[in-house]
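Enquirer: Letter by letter, the chains look like this.
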Amino acid sequence: MPFSSLLFLHGFLPLFLAAYWLTPRRFKNLTGIAGSLAFYAWGAPRFLPVVVLLGVGDYYLSHAIARRTARGTPAAAKAAKRLLVLGVVAHLVLLGYFKYSNFFMGQVNDALSHFGGRHLGWVAVVLPIGISFITFEEISYLTDVYRGDAKPARSLGHYLLFLTFFPHSIAGPIFRWKDLAAQLNARKQSFALVREGFARFSVGLAKKVLLADSIAIVADGVFGLPAAQLGTGLGWLGACAYTLQIYFDFSGYSDMAIGLGKMCGFTFKENFDMPYVAASITEFWQRWHISLSRWLRDYLYIPLGGNRRGEQRATLNVVIVFTLSGLWHGAAWSFVVWGLYHGLFVALERVTGSVRDRIPLPIRHLTTMVIVIVGWVFFRASSLPSALHVLGAMAGRGQGAPLEVFPAELCPSFAIFAMIVGALVVVYQLGIKYGPTAPIEGATPRPLAPWRAALSYAPGPVLFLASIAHLTNSRVAPLIYFKF
Amino acid sequence: MPSASASASASRRPRPRRPARARDVLMVLVYVLLVCVPALGLAGVVPDFRLDGSIVVHERPKLARASWEDESFQPLFAAWFESRLGLRGTFALADNTVLYHAFHETKLGAPVKLGGDGVLLNDEDTLYFNRTDLPSEVVLDAFAARIANLQTQLQKQGAALVPVIIPSKTTIYPDRVEPKWRKPLPSPRPSDVAYANLVRGLRDRGVAFVDARALLTARAEPRAYLYARGARHWSYLASCLATQRIFESYGALTGRSAPSYACDYVTRADAPLLHEDYDLLRLMNVWGARPDVDRDPVVFLEPGPAQIVEPVDVLVVGTSFCWNFLKDSQRGAALGRTHFFYYNRRLFDWPSSAEQELVPDSPAWRNAALGKQLYILDLFESYPMPRYATEFLDQMEAALP
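In order, the protein sequences belong to chains A and B. This note's numbering numbers the first residue of the first sequence as 675 and each following residue consecutively. This note's numbering numbers the first residue of the second sequence as 120 and each following residue consecutively.
Since the hints were derived computationally from the structure, they do not count as laboratory data. Computed from a predicted structure; not experimentally measured. Just so it is clear, CB atoms sit at the ideal spot from N, CA and C, and this is done for glycine as well.
Here are the simulated EDC-like cross-link-like pairs (lysine to aspartate or glutamate), alpha carbons at most 16 Å apart as the crow flies:
(1) B/Lys302 with A/Glu1078
(2) B/Lys446 with B/Glu421
(3) B/Lys302 with B/Asp252
(4) A/Lys943 with A/Asp853
(5) A/Lys852 with A/Asp972
(6) B/Lys302 with A/Glu1083
(7) B/Lys302 with B/Glu243
(8) B/Lys299 with A/Glu1078
(9) A/Lys852 with A/Asp823
(10) B/Lys302 with B/Asp242
(11) B/Lys299 with A/Glu1083
(12) B/Lys275 with B/Glu516
Here are the computed distance ranges between Cβ atoms for each label pair:
(13) B/Glu188 with A/Lys755: 37 to 47 Å
(14) B/Pro479 with A/Leu1058: 48 to 58 Å
(15) A/Gln863 with B/Phe222: 36 to 46 Å
(16) A/His793 with B/Ala261: 41 to 51 Å
(17) B/Ser472 with A/Val1079: 37 to 47 Å
Whenever a hint applies, use it, and build me the whole structure from the sequences.
Expert: Take a look at the structure:
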């Protein structure tokens, strides 16, 4: 049940919020768990027991780890480490089975075909929704408890709510136990927070429904074209469209998650910080899917040695982390290449740091944007050969045969308009980054005059209304009646 | 009892100012209404605008453990839920209106496409206009041969089979198909080639047929009188002009006196929007769409009686384009016992409109199909060599001695 579905917006959301707000404070977590389990049961009923069992297992494992680390003896520390490894490996095995076994078997069968062998029988495994995010959250929880960075969950209920809380369980942000533990014990609930939550949710919904889904028409159209029909202009148009689509889609989803959290009194960390204003790929990753970048830094890059083993090893670690990050995004070679591609550029920036700084800023922005756009082609294309076709077209090697689709269906005016709005948003963000209105860190924002404050509330409901109108219309398809 | 210092610190604690809190409460209320009001539509308590066109009705699925677990229940429930939401019509109209007025577009995938000068086109016609995978000359020739064969067989029994080539709206308004709905194709376009091949095939075999495409494109009347700008189908006038030719062919094939069918008409600028000639306009479901289109004069045939010699028993096989013929036939009582095989799937008795599923070779089928004096086979241009026609030919060939 995506947040941008009418069933969620007009069915699940009002029912859940009514139940949550009416529940006495001390039972709110229980309502949160019940709602989240119901939400998960709707989308992946067969995997609900798996998720709950994993949660229960983690809870007891974390307490076992904490007890051993608390003893402080080398033997206990060793035992705690063994338990941590057990937990992490178990989660990775499960993730590997659900997410990568189809890919792996596909590769094995391709290899067998290549050498004239027979395909191995294999029943495709269904990927449970949110498994990638849940796995990372579980690993970070166990690791933080082992490192002593966080105390284990006070109750199983707290942990289950952390793990399954529906605003983040499908597409992030990736939570960390230590960021949320205190809020699970006590959190504020106020009309101001609920209003802010709805406003943020509305912005996210509009990003997703009005911008991303409209722009997706262009991106899907171009990436769906046969290679022969792709010309240079269309290739770039499709890549730029996807660049905007994925940003507004993903950041919109994060906005909705943060907004839903606020409606329930939670404050989630930001997941996006104007990523397309980055002047380098390194900066891009500090602004894009921040919760993932930080997770990879803390639970993969640093354990691999981080910067501690010399510059060469650190550079290699960067490439490894990004390549694995690509694989985490999807079980296909195109994702691995996308991760490797970004890793190589980040590594290059490490090596050429001081030289890069001498390049004029506009050129740095431009090159960063081009690198990001080209990278998204690997991410969006259905396969590696397909990505290479699009990139070939972008490089001027497309055949550009006459289109088999109508221009009106490939690039409807409203989709082009959405692209222009999306591009203007990025330009506006550049203005925020470099303009005189850039917020000064630590400064208290000046309170708005009452009329301006009232006016600032208006966009939320307007965006919400426009989004549900567009969403509703997309689900209505009147047909011509025969003439009676 | 609270201490003095405690109460002092409490009084110092910043509290939200009253207007700000009131604004927050009000805004939350607004959002709650936005979320809840459509849901109240499930109880049928939300007034709404009606959308034009027929909308698929979704039944509420029955919940069962198996259908829940295999996730087949969820999409059916979601479809039912969405179909019952309140303000659905209002939201759809508002969204379409923005698309139309701000972007001069209809919703992606909508059946109505905007042509130039306010001409509305149906997606089937724009698709046909751009098709390249049309039946070849050989295939169309074989199709014409089958028609010729049945026409000969029926003629031996004193009956007439009259095929009618009904033009697509894009044929009448080729210049109004906007570039964005036009694929670059060689001239003549494949659709024109297919039409020419069919006509040649029919002529080569001596088939008596009505080429309404040639008839209508040669007429001097404004095109909007033959095919209204906001209509899906041809007008009553166009249908009447074709009917004249049909009866002429009927007379020539059977040697009977054919009804003389008058097509005198008047135009009226005050026709209600519910008139058939505005059906695509209404199907757009837009507020304030092209007021000049819905003020286009509508053609009304004069009610004067046709000089009927003898009512003709008719079977009509084809598409919704035949409704105009059937409805207009009541004007002069030209038709006797009449049936309509709608897409060769539904059987209509005319003029009672009693409807049933068409089962080939069943008693009802035999009653409707056999023993008629005139068989009209609708060959709507946008459906080249339609399946309903080939099936009908199969069934008649099997049924005739």
